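Q: Position chains U, Y, D, S and V against the provided structure of chain C, taking the given hints into account.
6 protein chains.
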Amino acid sequence: MLTDLPLEQLWQYRSAQTTPDDFDAFWADTLTESRAAAPISIELVRVEPDLASIELYDVTFPGFAGQPIKGWLRVPAGAGGPLPAIVQYIGYGGGRGRAWENLLWASAGFVHLQMDTRGQGAAWSAGATGDDPGPAASGPQIAGVMTRGIDAPEDYYYRRLVTDAVRAIDAIRTLDVVDESRIAVLGTSQGGGLALAVAGLRDDLAAVAANVPFLSDYPRAIAITDARPYHELTEYLAVHREKAEQVLRTLSYHDAVSFSSRASAPARFSAALMDPVTPPSTVFGAFHRYAGEKEMRVWPYNGHESGQADEEAEVLAFLRARLAAGPA
Amino acid sequence: MLTDLPLEQLWQYRSAQTTPDDFDAFWADTLTESRAAAPISIELVRVEPDLASIELYDVTFPGFAGQPIKGWLRVPAGAGGPLPAIVQYIGYGGGRGRAWENLLWASAGFVHLQMDTRGQGAAWSAGATGDDPGPAASGPQIAGVMTRGIDAPEDYYYRRLVTDAVRAIDAIRTLDVVDESRIAVLGTSQGGGLALAVAGLRDDLAAVAANVPFLSDYPRAIAITDARPYHELTEYLAVHREKAEQVLRTLSYHDAVSFSSRASAPARFSAALMDPVTPPSTVFGAFHRYAGEKEMRVWPYNGHESGQADEEAEVLAFLRARLAAGPA
Amino acid sequence: MLTDLPLEQLWQYRSAQTTPDDFDAFWADTLTESRAAAPISIELVRVEPDLASIELYDVTFPGFAGQPIKGWLRVPAGAGGPLPAIVQYIGYGGGRGRAWENLLWASAGFVHLQMDTRGQGAAWSAGATGDDPGPAASGPQIAGVMTRGIDAPEDYYYRRLVTDAVRAIDAIRTLDVVDESRIAVLGTSQGGGLALAVAGLRDDLAAVAANVPFLSDYPRAIAITDARPYHELTEYLAVHREKAEQVLRTLSYHDAVSFSSRASAPARFSAALMDPVTPPSTVFGAFHRYAGEKEMRVWPYNGHESGQADEEAEVLAFLRARLAAGPA
Amino acid sequence: MLTDLPLEQLWQYRSAQTTPDDFDAFWADTLTESRAAAPISIELVRVEPDLASIELYDVTFPGFAGQPIKGWLRVPAGAGGPLPAIVQYIGYGGGRGRAWENLLWASAGFVHLQMDTRGQGAAWSAGATGDDPGPAASGPQIAGVMTRGIDAPEDYYYRRLVTDAVRAIDAIRTLDVVDESRIAVLGTSQGGGLALAVAGLRDDLAAVAANVPFLSDYPRAIAITDARPYHELTEYLAVHREKAEQVLRTLSYHDAVSFSSRASAPARFSAALMDPVTPPSTVFGAFHRYAGEKEMRVWPYNGHESGQADEEAEVLAFLRARLAAGPA
Amino acid sequence: MLTDLPLEQLWQYRSAQTTPDDFDAFWADTLTESRAAAPISIELVRVEPDLASIELYDVTFPGFAGQPIKGWLRVPAGAGGPLPAIVQYIGYGGGRGRAWENLLWASAGFVHLQMDTRGQGAAWSAGATGDDPGPAASGPQIAGVMTRGIDAPEDYYYRRLVTDAVRAIDAIRTLDVVDESRIAVLGTSQGGGLALAVAGLRDDLAAVAANVPFLSDYPRAIAITDARPYHELTEYLAVHREKAEQVLRTLSYHDAVSFSSRASAPARFSAALMDPVTPPSTVFGAFHRYAGEKEMRVWPYNGHESGQADEEAEVLAFLRARLAAGPA
Amino acid sequence: MLTDLPLEQLWQYRSAQTTPDDFDAFWADTLTESRAAAPISIELVRVEPDLASIELYDVTFPGFAGQPIKGWLRVPAGAGGPLPAIVQYIGYGGGRGRAWENLLWASAGFVHLQMDTRGQGAAWSAGATGDDPGPAASGPQIAGVMTRGIDAPEDYYYRRLVTDAVRAIDAIRTLDVVDESRIAVLGTSQGGGLALAVAGLRDDLAAVAANVPFLSDYPRAIAITDARPYHELTEYLAVHREKAEQVLRTLSYHDAVSFSSRASAPARFSAALMDPVTPPSTVFGAFHRYAGEKEMRVWPYNGHESGQADEEAEVLAFLRARLAAGPA
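Chains as they are written, first to last, in this note's numbering: chain C, 1 to 328; chain U, 1 to 328; chain Y, 1 to 328; chain D, 1 to 328; chain S, 1 to 328; chain V, 1 to 328.
Calculated from the structure, these hints are not laboratory results.
Just so it is clear, the structure is predicted and the values come from calculations on it, not from any experiment.
Computed list of lysine-lysine pairs in DSSO-like fashion (alpha-carbon distance at most 27 Å, straight line):
# : chain 1 : residue 1 : chain 2 : residue 2
1 : V       : LYS294    : U       : LYS243
2 : D       : LYS243    : U       : LYS294
3 : S       : LYS294    : Y       : LYS243
4 : V       : LYS243    : D       : LYS294
5 : C       : LYS243    : Y       : LYS294
6 : S       : LYS243    : C       : LYS294
Interface residues of chain C toward chain S, partial, derived using beta-carbon atoms under 8 Å:
#  : residue
7  : MET1
8  : LEU2
9  : MET274
10 : TRP299
11 : PRO300
12 : TYR301
13 : ASP310
C-beta atoms are modelled at their ideal positions from N, C-alpha and C, and glycine is treated no differently.
One chain only, chain C, in its complex shape:
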């Protein structure tokens, strides 16, 4: 069952989301401060199991306010390099999982950094990064981060997470095995939303793959879906009735619609017509504003699971073409 507009209307739909006047300044200041808080670095520790064809590393790099962010790095065994690289962000509630999962990208010849998600990583895959090194948020937890700090753009959880995602690119660029000119960002759902955010905040990406991106077109999302996680916003507003304007203002600084309008790298989007979690119009809302070269893949019979392995194969082809990476 369609969960949103039929396809022909999606091509006509345009988001009503507005971008705050100081959006660019807000993010420029945010990134400047975090970069000043800690010089870039990336710590790699080789981990088990010992695979024949891929080397696995536990990664730590400085994110928002220089806080240590974890991840996994997967490098084709015996790679000479420099190689093209993919930085991947994760869906809502999950963490980086285990090092020996998600082997496609390195098996295909890419250096693959999978960034952990601060303060998530307790719902469907384990994380290892707290939202804050202080005691109040010292590790992964059952989520609810959609509303954390939502009363002000400066305090909002996603300000920190987006900054981490931008800094992940800073970090991977320092590796010798990586070709700086051939770095792509990739993600599904929340990961796709982060990929679009990074695309709007950097001009050095070679490609962007945003599958059924979340964090997009908030005013419409709240109106048309009651699926979590967008619904966490409604739950919050249902008891904090007096804060609606304030909350919508905070969200306007973190909407993929606005990030997309500042992007330049070639992008592949996907949307699923039966998706109640990231309804397709919210994806098209960002897509139509995307300022770079772009293409849209529609999955007509899928829900939020969207293209899964079929999407991976298409994204692999897209990234190989864009990053001049091909069969070995």
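A: Then chains U, Y, D, S and V, alone, in the frame of chain C:
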């Protein structure tokens, strides 16, 4: 339908929860540190609406690490005093709500402090207290706090919340309108669990009312219910499989079973035989260990809603008897 | 998620409900008969607990056909009077609950009569009034009253309940402590629907507060929601297929849309845009027909719980202004 | 999945239900009064459609307090008679349905009276009998009758319905086409409970077929199932907490366990091991007390739907054997 | 709640389904081949129970590829004949059930053949026919047949089932007791879809009764409902993403919309406005294309259960009128 | 919440399942016939995408009755060999998915054959193998195979699938790159049940890894869970009531409990204490009968998802140890 053992077996049931050797030291240190962090104080600001018979105040007092904790104080209008006082804690997910709610206790002649719950207050009633004054946890949010900081007793969310609850007594004792010798604690579900925790950490309470208390007998709770919020623990352990021992250790420092064994004030418990949220055996687990004078009220046909207004009337009679407070 | 039209369309929406030609005669006859059946009276019995600031009374007054209707009266302690008064009606399934609940209105200086609901009072709060003194309906019960007697307007359950609600005003006017010129009606959901019905049948009310009113715009309600209690109508028609015209005719004598068109007192409505129980268009259906001065409060992010304590504060201000009642 | 004890334990299980001392007097008085209220009669009106092999009649006879009770009579076309007869009672929420349904029994050569259920007949099949000829209960309605009048045995809904069921036998015995010595009662779920009640109150029945009978072993039923309709009792007790003893007393006058202990006709019971609605132990509770000749059919893999057409075939064979009725 | 367009729009709605160019050839070849595979025959075995007024027979006849198809034949006892006949098809998941069920049609004077459904008959009523005499599909099973063989029209399950349904008419025509000029087809849901298919493939039917027919207007059905069984198609396409065109092509050979456009017998359709399983627009899609005389019955307050016994009475009158069959 | 016995009782639990006398003959004949139907062979076709480190092949080999069974073969790129090999079977409803998924085993240095599941592959991952090359079952479909052919052991679906699984070993042994003495079987849920079946039917396996195996201890499974797919059996028996003995007999030829008692290879089992799909006692039922060396891994806080990536790491270590395969 009974959700747990039949009543006659509940009277025989004993919790298998153990108390860590350094449990008392852990809490003594915790309270000492927080008391050292900020001298006790209580700030009162009169708020609207202007009720004929009750004065309403916005309250701020220093909790864990001296962090500012909010609450409402409701004082019988024109009270001479000193009056008996009730400190009430709130159920999971909720905040202090609105000042003009919950008027029974002040209408009955008590000074009534309703403590806000740090970092909750976004699910069914609004809160105003963040888990931390820092940006990572700066306001209420959709919950998930059962697993926040759960990897170590020192970092666990409930260490902070229990300390707030203890400090609320410190704070209300400084008010002239309050008779220090006639202070009771009261709560339902999470609020009941906090009341038991405070009862185990103070020796100056006149009475304790713990309705269907939560935060009790964790090993059994995890085994017998899949209702939230206990289920958040299972969700966490389902992805952080290697942390089970560590998590159970953290919980053992925060279990009402252990707090109860150190309590001395007269206490009234309640349990509901059809309650899937705080199954009655987990309540009896704490009750049988309770070291002070005690009584148990069983609601045979209720779920977690338990006794509601009927419970309030019985608790009112119990507190009037224990606090020598009676019809005006 | 919006459960109905977006807000701008709600302002344009008009109900298609029609009013039977003999609507006014039907109700005039109904009230005349019931008033003839028993002279007005109100019996008050002081009840426990003894609160310092509010006197609680068990109330009995003659309703439809003179049948005894229960309620609670809450009077500010030591009130001189005459005071402004609020008559409150209750939501579907509930009864008057307990005397010591719902203390805001008396705490704010009003005489507060909370009318019990005949034959309900078994689902979420206890009632004490049967639908009939005969054996067939001698006490509260699990509901289903939406379809009781629905085959004819004369037999319909709501004919009796609306008459009770009108008679409650007759009754409270006889109290010395009440200022007859300052009586308001108040209710949420079914209570709001009853408030509108009374507003359409009396011209002596000082104000009307109808929160997310139920019992309104039946033809549309049946078409757009499958939430109970409107859905009970569909369930009935699904097996009594041949009675559709008959049932809709009965409902047309009991629709808040028609009552509203006959009202004159100043009214405050509320509607919630995410309410599946009393969808907002059904509320606007009554609002647009309301013949007196009127205002509408929209809760954009709430379901049927609507404004809760926030609504109470606004209603309190509204009633204080309309009833010339203010801070003591 | 088994919803109750395994089969071998069901054979050992005994109900703890007790029978009030004045149980027999209560029912003797009840029947005497109703029989005195109206002499027995049965009104038959031939109805459409005109079937080749069965004549269909709309039936009215005096039930409790002489109130008119509806039903359908189905008579083999051109029957000479006197014939054996079956009186059938209906499951919870349903009414007599349509005349042209349920043709097996008349097709097999029985006179078949299907009694309507007062005040039900709005949930899954239409009824035509109100609970009372007065306005409070003048027709079928969405149910909730489990708690109607439950505060006293004299007022309880099932006192009226059981009396109707007994009077249906009085009525059918007056028909020339019926052989008085060959009358059986039959029912499923509520209908089975009524069949047992009638079996306990009459000594002139030739056979009893009680399929997965409801209305049996209330104390255990409340404890072990949360499925409706037993759950309506729990819902009532959850808000009328002070009435538990009173309610259980009322039920003890209406429990199939007690009726069974007074029965003498040969009976066939059935129980389904995966039935959450009438859990098998509650059926065995009545079975073990049944004082007449008896047999039990267990459906090991069915829920409350139990044996359906397979049960009908077995019941048909049972009734043919007991009523000396066989293939034409 | 309406599950689809409001009634006035249903009258305007037209299906967008297209008919393949070789649709007629496809079906002509299919039927020719099956008729060639086995000469028509019908085997009757008298079965228990022995009913006074109806003779019950176990039926076997050759269906698709000559495979043996089961059914029940119910014949008015002692019928002279030739009589009018009804061939009935069954809803999704069910089988022919038991011989002694469904006695209305024979009681009303019709010869009644109820065809079993190959490979179904395991979900709500028992079947006895496998999809294939080979081991892979040798009996009834829990369904999933919507997607069996869906990759090609030739392999699709419904090609076989529709052929069985056509052959059932071939078979019944060979009985002496049947008047060949007075044969009607009848069915609800899947049975209604089969009735329309047969109507499109034969020109010798006297009447067609299609209640809430399934298997109709697939492209729209997939888009607007997520209820099973249409949803099985979506589930399939959600993992076989590359096969959408192929699957839709297969369905276009089996759509009641196309069958209807080739029909000539007078037809009675029904649709239910609150039906999520066969949404009313998909029924109107077939209805508007139906090429014979036609009428539509709308059930405004029903879901997929639609008219039940009320529908049976109307269908009975319709068939009696069309088949010149009347009260005996 | 525990879904079954507590752990200490699981260690004591023993299955009551019995093994038919001709169990061994049944399977010997089955395998002999299938091996006779087609000589072993394995067809490999290199497929896209071209991965740097793993070669992907589409596989076809002859299974039951020589029917063509699909699969994927993943071979470490540039492998000399002979290498240790893993044959993996898939969970219920799924198919082999996509070639580029599930890369761990080949990345770790194993030849990895993932066998497709006949007639499944339509619910959560795509398959490509029909249950039969004939039209009745010519491709993947929405499942229901638990009851396909269940009336006789010879016709039962799992007889065919188990034979395929045995033949997969025959096939892989023919590859030069595989070391015949170092072949393990692996699977989760249905895949685990198949691994145990193969372990009971072959004596040439080097290791067996059965994660939360399904298809085990049917009599108990039916009694204690209502989760699918075991529940499909209950659904079938609920309408085919007369076939219970017959169905249980069929299952007794296909129960992992009996296969386990004939196994010899070292085995690793896992069970999850909160698993409602394959309740842990049904796993222990097979484990306690397992005749080879064995170990059990318990996941105390997991449902049927069980150990996921954590399980994979432990299984990898187990297989490396057993197959003398280690870090490259």
